[in-house]
Each structure stands twice: as structure tokens, then as C-alpha cells.
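The primary structure of each chain is shown beneath.
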Amino acid sequence: MASVRLRNLNKIYPDGFHAVKDVNVDIADGEFVVLVGPSGCGKSTTLRMIAGLEEPSSGDLLIGDRRVNDLEPGERDIAMVFQNYALYPHMTVRQNMEFGLKMRRTPKAEITARVNEAAEMLSITHLLDRRPKEMSGGQRQRVALGRAIVRYPAAFLFDEPLSNLDAKLRVQMRTEIAGLHQRLRATMVYVTHDQVEAMTLGDRLVLMRDGVVQQIAPPLEVYHKPANRFVATFIGSPAMNLFEGAIHNGAFRLKDIASSPVPVGSELADGTAVLGVRPEDLVLGAPDHQNFVTGVVQVVELLGHEALLHVKIGSQLVVVRSAALNSAEPGATVALAVREGRVHVFAGDEVGRRLN
Amino acid sequence: MTSDTPQREPFLLTLGRHALLLAFVAISLWPVLDVLAISLRPGNRLRTTEFELFPRDATLASYRALFTEQPFLRWLGNSLLVSTAVTVTGVALASISGYAFSRFKFVGRQTMMVSILTTQMFPATMLLLPLYLMIAKLGLVNTFVGLVLFYVATALPFCVWQMKGFYDTIPHSLEEAARIDGCSPWNAFTKVVLPLAAPGLVITALFSFMSAWSEYLIAAQVLQDRELFTLPLGLKSFQSSMSTQWGLYAAASLLVSIPVVILFMLLSRYLVSGLTLGSVKE
Amino acid sequence: MPLQNSLPKLALALIALVTLGCARRDSGQQVVTLWHQMRPEDRAVLESRVEAFEAEHPGVDVRPLYKETEELRSGLESAVLVGHGPDLVYGPSDPLGVYQAIGALRDLSPYFEAAEQEAFDPVALIRLPAHKDPTKSQLVFVGDRFGNHLALIYNRKFVPKPPETTVELLEIAKQNTVDEDGDGRFERYGLAWNYTEPFFLVPFLTGHGGWLFKEPRPEGAAEVPTLDTPEIIAGLRYVASLKKAQVLPRSADYEAAAALFLAGKAAMLIDGDWSWQKYLSEPGLDAAIAVLPMVSETGKPLAPMVAPKGYSMSVAVSDARAPLVAEVVKFLTNEETQRAFLKQSILPSRLALRSDPAVVDDPTMQVSLAQVERGRLMPTATEQRAVWDAMRPHYQALMAGEMTPEAAAAAMQRDAVSKIATLTSRVEPDATAGLVKLLGGVLLAGLVYVNRRTLVDFARDWRRNRFAYILVLPALAVIFLTVIFPLAYNVLLSFSNMSLQNFRDWQIVGLHNYVSLLTGGESSRFWNVFGKTLLWTVINVSLHVAIGVLLAITLNGPVRGKSLYRILLIIPWAVPAYITALTWRGMFDDQFGAVNHLLASWGIGTINWLTQEGPAFAACIIANVWLGFPFMMMIALGGLQGIPKELYEAAAIDRVSRWNQFWHITLPMLKPVLLPAITLGAVWTFNNLNVVWLVSNGGEPSDKTHILVSYVYKAVFNLYQYGYGAALSMVIFAMLLTFSVLFLGRTKATEAVA
Ligand SMILES: Nc1ncnc2c1ncn2[C@@H]1O[C@H](COP(=O)(O)OP(=O)(O)OP(=O)(O)O)[C@@H](O)[C@H]1O
Ligand SMILES: [Mg+2]
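Protein chains in written order, with numbering that gives the first Met the number 0: chain A, 0 to 355; chain B, 0 to 281; chain C, 0 to 753.
Chain A extracted, bound-state conformation (with noise of 0.2 Å):
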């Protein structure tokens, strides 16, 4: 096991894209860090760069204490999965699991016993002498899975390695990397761009945006104080409300529409920003409560427990989360509330860092 470190790595492809800027990170030794972003964010190649595949244009890759900048793949005691599997087809689920080991020339007794653990460990014994094309998709990726584990490496890799099951399997299959982290302790990287992983399987998430890392914390700091609007709306479903406006005096008023003011914090400076308050802190209005703002609701989408009102406010769409029993009527006119304390306020720029 070791650490992870990234210094200033950049990636410029051959055609001159500039996939990855300049990212930082720290991964301690055992932690289970989830790189997540939209597709195209640079997330494959930042995961490529530390397991060598891609060559960093410059910066620094760290294992452990040693720069691998100019180590091969196979050199840097690393393993990875691949969202395609990439089972060796012509090869049997034991010799898939015992190749990394063999060409390392890890004695036959050791292959042997490390196979068999690692198969055990995945309830697939059963199926080492099978091919991968006789597997279905779910022990294909177990069958992957164990191949990375009879290594023993560093660290471990993932590249979206649920995208392809279906989404019970999928679940399943999550439980069993966290369970599997859990026994191994072994430092992960993991790459997905769908935020229930992310939220459920990180120590720490690094989010990313066009080759930019916007925010390095961990899921449910990254969910109570997102850095910027992007992470803001990119984390959590349904997605942050966001209300455009203005603070003044340590309040923030709406722009266009008529709203009682929501108090902020006095610190922050007068001038235009954003109101970002998640559905589920949007609340009915009721008396005791200073309502924020009224609306009209649209939609209602009964979720058993829960209701997801769509309310228009002005020309805005909002989300709001409330439980089944005390729901609306489409058509109804209501008052909407912000929890207090729950406010998140951003910049009112392209970038729209966070103020509070």
C-alpha cells in the first residue's frame, strides 16, 4: 500500500487538447479517493496517467515515495479495472487471475494460493476454469476484480468499472468494492461520473470540470459546501436549486421577482450573487416560518414517502422536497420557506465560487 500524489500534472494530447490542468492531489495510503466529473472532464486521463498508460506532458506522479513519471505500467505496482473488463479472452478466469502474477514471476505455490483466496474472497471458485465469454456481465466484473486483487499492488484503479451492469448488479457490486476496500484497505482511485458511487464509495472526491479539479473533499462536504456552482448543481438529485440576485446588507433579495429577503451573513460583501438551497431545504410555507418567495406548483411527483413539487417562480423552475402527506395540488399557489442555516450563496461570475 502507498500514497498517491499528483503535482501539477498536465495532459496536452498529440492534437494539441489540453485534457488535464495543472491537478494536485494527495492520496493517502489506504484512502478510497473517487474522481467524478461530466464525460469528457478528463477523468480517464488523469486515472490513465497514474497507471501509465498516458505519458503526463508535465508534473509529477508519486507512489509511495518514488517518482514513476518515467516508470513503465507494469513497473508501478498498480492495478486496474477496466470498464470494459478486458478479460483476456483466450484465457481461462485462473490463468486472466494468475498472468500479472506470472509475469512477475511470483512462484507457482504463491500464484496458486493468492488465486484461490482472491476467488473465495468473490464467490467465483466456481468459475475459474470457464472463459470469459461463458460469464455474464456481473461475473466478468468480479472475474476483473480478482484479477487486481491477486496483485497485492499500491493501489488500485477503477475506470468506471459499473457502467456496463445493469442497476441492481450494480448496486450489488458497489457494496461489494466498499466491503472489499474495507477488508483490503488498500488506497483506490476510482473514476465515475455517476454520484451515488461517488457519494457512497470515497473517503474523498475529487470533482472535476474540464481538466480542472474544482473541489478535493470529502462526499458530504463536498454535498453541504460545495466549492462552486458547478459542483453545487453537479452533486445531489434532484440538482440544487439556484435563484439569481443580489445581497445587500448580509441579505439576499431575488432579481425581477418580488421575495422577502433570506438572511446570509453579514461578512459577506453587497453586490450580484447566486442562492443555491437544495430540494429537500425548500420547505411549504406555514405560518410560523417567513416565507421566501411564492409560486405556482406544476407538477407533483408522489415518490412514496416523498413528493418532488415542480413550482414555478417567475420564468424558474424549482424543485421542492417534501414529505407525501403534506404535498399540493398542481395548480395550487404556495408559499415556499428556506431552512435556516441552509443556504448556499455563490458568486454571481462564470466561475461562481462559493461566499459563505
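Under the rule of at most 27 Å between Cα atoms (straight-line distance), these lysine-lysine pairs were calculated in the DSS-like manner: (1) 703(C) with 242(C); (2) 561(C) with 132(A); (3) 436(C) with 136(B); (4) 160(C) with 264(C); (5) 160(C) with 242(C); (6) 747(C) with 104(B); (7) 101(A) with 132(A); (8) 644(C) with 132(A); (9) 167(A) with 132(A); (10) 670(C) with 104(B); (11) 167(A) with 644(C); (12) 224(A) with 254(A); (13) 703(C) with 713(C); (14) 243(C) with 173(C); (15) 20(A) with 104(B); (16) 131(C) with 136(B); (17) 132(A) with 670(C).
Calculated from the structure, these hints are not laboratory results.
Got chain A sorted already, so can you dock chains B and C with the ligands onto it with the hints?
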């Protein structure tokens, strides 16, 4: 193999498949049966005016003569030697260079790929005179080395392209997995990619073999000693203007095709092995 | 994989074997190579005489080798150009003019004293003016036999007494042309011969008083053809009248005519001495030989061409070795050798042997001798080749009933004159010569200049992609090292005047070849053939791919017995094409071919495949499609393996029709594998000389069945226009290159699939 277990299909479709295959088998065999008839006919007759698959006066005399009066076995040996050498060299060179063309974006890659094709574009008959001059100057007359070199050179362009095409269908992530598993680039290629390109290897092997096995023009320039003849040369020596030994010619032609069919039988297992099936999901 | 580990060892062993295989016993023996054109039956006699010679001359190894005409010539050509080739060539006398014109022969007269020469029939020793010095005469050929002459073979069952005049010939032929079962098709014909080679026409011309050339030959000038004289027309008319009298089969090439006679379906046959034994010894056939009849109107005999066959010494023989090589010639033409050949019913060239009992008592020999005495000596002039070339298409048209005798005579004459002009013309460097040389230099320099950036990039890239470069290097080296010289030579030749007249001393003359190719008298012909070639290529390749993919998909499904099907379907590819192409020709025979038989039995009319332009072309295409589909099937079969099954399963769930699955999954997935095969398949088909040549027998009917390569081949090798041919092949090259670059560019085949 799972692909061999017959799936349930509409009866009509199965019937259609067999009808189509049988029709083409008939078309394939018909002229060959004609060759068989010539080989069994006494008296060197290419044509008859009768429609008979099996000549009434059939005789195996031509086959007997091939083995007793003609150095057929010697030619067979020479051809096997030359063709095997060409196949091994051709497949080796094509499989490694095709890999480079498929996987690496190096300067001059496209130019190189197109330019190896250009060597196929000259009508071969026009190049024979300079070819012979070159062979004579280099002292390659009556050597198998020279012949093998030329055959490899003529077979390679197709083989390289074909291998490149097959590598293109193999996902890169397999080599990446192998690299992470500790393979050098070379090992990742030979241990993971190459076995998966088996159908391509089979096609290039058969093609290289065949291009040496049946080639006549270049061999006639290089080999000028009956002892060193390859089969096509031997075959052609039965032919002379208006007095060809058709019986020997046809018998030898059929015998010549047997090794090809055997080779195909041996290799076609790998041609349809379907190894990449299910390896990865796109 | 065990196979991979043993591969290098296997390769090593092979290399050792290959090298060993060519280490020939060079035990200080004097080797004399003899390239000959003996008939198969004569080769055994030759071998035994060679052995006898070697027994008498220890330390000498004479190596006879059968070579076909064109190979014999190319061997002599290289003897001229690099001093390496056969020492002796043996064959009929007719190409001697050409050999001498390129300076390929050595004078044999120092080794044959006058007394020795007396013993030969004078026409068996051929003297020609020396290559560089026309005043000197050289002995370039010593004949050991006479022959190659046609005579009449008749079936005694139908013809008790052979005809002595052409009137009788027609009479007997008519009696023997019978439709026994009254189905409108004849079961037996009166007479048959080969309609494709004008050699078979000659007796009819001479019998009517005609000859191919003006006699005597004009001093110091080229031979003048006389193919449009009243005598020639009379000869052609007679042949046409036989055809009109329906005593001849509708169509017949050499093999078909022989087959008819052997089956008792032709009462009489005209064929050469090389074939007589075959007919005489055929069980159940009572055949006999007779001299060709006299023409009733002229009182002249139908006189076939006669040629001696014999030995010539090539310039590859050094002065030091010449006496020994001449010794071989002497031995192989001596009385004993000729007597050994008598058993094969061969007419000896030594006069003493003409009274040998083996000659006198053999009726066939006597007929042969009588026919030779009536024969006309085959000219050795270079012009003969041009005349054959001019006569062939029109002779074929005449026999197919598509030309009148008058028109045929006029066309033969016109073509002969122009071909002889081509053959004898000398091209001198013109204004463009300097330009071409200059441009060549500039172009090379320019290429380097334009590519200097690439070179710099390359040097930079070397560090990053060294692995890739090392991988491609061996293949590139093998490909280019072997072809670079022939290609460069060809480029030079295309700007040169290399021809029969300037074989050795050729030089760059400029754009002459290209200009005459694209604008000369033959240019419209060129574009016509080009169009046909395109058609040929497109139809062939499309059918190869369509059938190949269809069969592969069919085979890839759930079919019982697929491995057996696979093997049976690959057979057209496995059997050598040079024989199957010929059987296809047989199958397209008008009367006895299987194809017409089948058409007739299905109630479709029969087609005269090989003697009409369209059907002949179609026949070539059908044969070539047959030859080519298995390979495409094999490639498609391989390509299909790379397509994941899940794709089809997903498509089936989405209720995508089979057709759409094929169109949207199978084909795109096959693309990377099929593209190289299609591109190269098109290139090969475009340049596929063999099939067209064999099925159409060199362009029949009347040189209308040609694609560019067969056209080049015929143009170049019949009239020795090396420069012109090189230019043509450059044009072909340019076309194919353009096609490939466009096609590959469109299909992005050079891109790696990411
Ligand atoms: N070989 C390459 N050459 C040029 N550009 C590339 C190359 N590979 C990737 N890119 C570009 O780099 C960017 C980042 O790619 P990357 O694969 O890292 O995205 P990602 O975050 O993994 O996205 P996804 O979630 O879709 O997998 C993309 O815009 C992509 O188009
Ligand atoms: Mg990715």
C-alpha cells in the same frame, strides 16, 4: 464451442441456408470434377465431346506416372520448403508491422501504408525482365533464398494490411490490462493481442502459403534446374504449345491442391475460433 | 502458448534448410545449360543422348531444361543484357530473326567445317547477317530435324481413301457431315481444324498461289506483306465456302478440334506432325495420315509451313567455353542422335538418314516427307511475328462468319503494314528527352525539399515511437529492397526507346511512349480497353465480396456440417488456376461445353460463348468470380469472429430486422477486415492477366477480349515494344494509385480504429 450449438431457427431459414450452400458447393466442385476427369482420361485429352463425370476408360496411369516417371515428390518437397519458409517469414513480418500500423501514430505511417500497396500496382509481367536482371546480378539464380525473398515481398503488402485490419478490431484495453499486469509492450503484443488475431494470422498464413505454392512467373526466372523446381514449374513443364500432357497436368494439379486443403482444414479451426467474442463490451 | 515459443526455433531451422537447399553440388564440373522446346515424348530421347555425351566427356554436366517460347526469349534477353542465361537454346527456326536482331546469338560456323555442313539438308543450317555487321554472315542455327508441318489426318472408318483435290475434299466432307438423329445439330462433321491460329490457314493461301510476303524480299528493307492479293482472297474464299457448306463445326480451337476427331465426330482433321502419334495410337480409332490435297482450280498443293528445329548458341557463352558448347551441339545433331529420334517419326536433317529403313519403310514418315517437300519454309524474319499478329483476329472473325474474305484480307494487310512499321521503327531522342531527364532530377530534389519537414518530424518522432518503427522496419525493408530496382528500371524504360531495334543501346527519348499511348493511332483502342477493365474490376470485386460475405454469414449461422461446407467451398481457391481456367474454357464450348448443355436442358437457348465479344467477356468474368469468391469468404469468415454476439442479441431484443442487423452491425464491423481485401482485390483483379488470357485464349475472339494488362502483354511481347509497355504499365500504376488513395481516403482505412 458455444457458437456451434445450433440455435433454434425457423425451418425455412435453415432450409434456405442449406440450399444456398449446396448450390455453391455444386458450382465449386463442377469444374474441379472436370479436372478429375481429365486426369483419369487416357491419351492426354483436355476435352471430350461426351458428358461423363467419370470417363469410361478411366485409368490411374497419369497418377502413377507422376510418381514413377516424374520427380513429383522432389518438386513437392521443394514447394513445401519454399512455401513454409515464406509463410513463416511472411506471417512473422506482417504480424509485427501490422500491429505497429494499427496501434501507433508515428510520422509517415499513412505514407508507408499506401506505399507498400503501390508495389502491387505494377503489372507483374512487365517487371520480369528487370527482375531477372537483378536476380542474375545478385547471383540468386537457382537459390531458394532469392525465391523466398521475392515471395515474401509480394505477399507482405496484403498480409500487413490484413493484420492491421484484424488488430483494429481488438480493443486497446486488453493490451493496457496486460501492460499493467507487468508486460512489456512486446509481451503485451505477443501474449495477448497476437493470439486474439488468430483469424487474421490464419488468413495471412494461408495467403502467404498460397502465393508461394502456386506462383509460377518469378519461380521460372529464379529456378533453372529441374531438380530445384517447385510444383508450379513442374506442372508447367507438362505443358507445351499444342502438345500438353493433359493427364499429368490435371493429375498434378489435383495433387497440388491437396496440401492446401489440408492446411485449410488444420487452420480453419482458428479462423472461426471466435476468441474475441465476449471479451469486452463496447 | 507453446506455438509462439517454438516459432523462432522453427524459423531458424527453416532458414538453415532453405540455405542448404540451394547449396548445389558445384564440384568443379563444367555446366552447359540447354533450354529447349522438345515435345514431352522427345524429352526422354534427349535425356538419354545427353547422358551419352556426358559419358564421353567426363567433367561436363549438360542440363536440359524445357522452357516455353516467351521464357526462352527472356532468357536470351538477359544473356544479352547481363551476360547470364542459357548456353544453348533449342527450338523451331522462326524466332531466329528476333534473337539475331537483339544480338543474342553466337556464330557456330568456326565449329562446323564445310564438310560437316554438307551432310545436312541445306535449309536446316541457317545463316543470318551478323548483328552489327550486315555484310558478314553467321551460322546461327543447326537443325536436327524437320517438321512442324500440317497434314491431313482422316478416319478410315468414314474416309476409305483420302481426297487428292479440294473438290474431293469438299465432297467427302459433305458426305460425312451428318445429323443422325435429326435434331438439327450435326453428330459428325466432315472436317475440322483450329480456327484460332492463322498457322492453320496458311495451306489454303499457298494452295491458291498466295504467300505472306513479297518475294523476293526487297534489298536492305523490311519484308513487305502481301495479304490483300487476289490469291490470298481466293484462299480465304475457299475456307469461307467450306464454312458455308456447313462441313465444319461452328467453332473450334485446337483442343476442341482434336477432341472431335478423337471421338469420331470429325471425319478429317488438319493437324501438325507433333500430334499424329496421338491419333494413330488412339485405341478404337482407325486414323491415317495423308498429304494435304491439291487445289483443283490452281493445280497447286495446299502447302503448309515447314520449319527445321535445332540449336543456337547464346552470347552468354564465353570464347573459352564456346568449343565445348559447340561440341554439345555437334553431338546432339549427329547421326546417332538423329537416328535415336527416328523412332518418334521425326524427319532427320541429315541427308544420309533419309534413306534409312526406319524412314523408307514407315508410311507415316513417307507421308511426312512428301508433305515437307510440298511445304513452304517458315520465314525467320522478325516481321513474321507482326504478320501472325495481324492475321489472327481477322482469321478468327472470318471463321466466325463475321467478316467477308475481302474485308479480312484488307484488314490483315492494313494491320500487317502498320505492325511492321512499328516493329522496324527507330525512335530518336526528341526535345522532351532533355526535359524528362531534367524534370526527373528536379522532381527528386523537389521531393526531398518538400519532405524535409517530414524528415525533421521523423527524427523527432523516432524517440517517442521507436518501438513502432522497429516493428515496421523489417517488412518495409523486404518489400522495398526487392521491388525498388525493377520499379526504377521500369520507370526509366517508359521514357526510353527500348525495342527490337534498340534492345541493347536503348536511351531516354522523352515522352514519346506516353504521347503515342494517349494520342496515337491505338489510343481509342486504349480507352476502350480501359473501360472494359473498369467493368471487369467492378463486377468481379463486387461479386467476390457479395458472394463471399453471403456465404460466410450463411456458414456462420447454425448449420449442420459447416466444416465440411467450408472445405468444399474453398476448393476453387485451392486448385491451381491455370488448369481450372482452362476447364472453364472447355465448359463454355459452344457445342460440347457443360454450360450450354445446362442452358439447353433448362430450355434457355444456347450461347456461342467464346466467339462473340460480349459472351466471351462474360465467360471470363464468370470464371474469375468462381476463382475469387472463396478467398473473400475466408476473410469474411475471419472477420465475423470479431463481432461480439451481444450486439446481435441487443438488436434482436430491439426487434431489428435481420437485414438491418446485417446492414448496421455486420457490415460496419467487417469493414476493417474487408477493406484491405477489397482494395487489393481490386488492384489484383485489374492486373489479373491469367484468367482473361487462359479463358479467352489470348484475347479471342479477334482480340476483343482484353483488359489492360493482357493488352499490354500482347502489344509488348508480340512486337517487342518494351518502352511502350513500360509506359503503359506506368499509366496502369497511376490509375491504380489514384483509385487506392481515393478509396482508402474515403473509407479511412489507414486510420487506426481508436
Ligand atoms: N487520445 C486523445 N487525443 C486527443 N484527445 C483526447 C484523447 N483521449 C481523450 N481525449 C479528450 O480528452 C478529454 C478527456 O477525456 P477522458 O477520457 O479523460 O474523459 P472522461 O472524463 O473519462 O470522460 P468519460 O466519463 O466520458 O469517460 C475528452 O474531451 C477527450 O475528447
Ligand atoms: Mg472515461
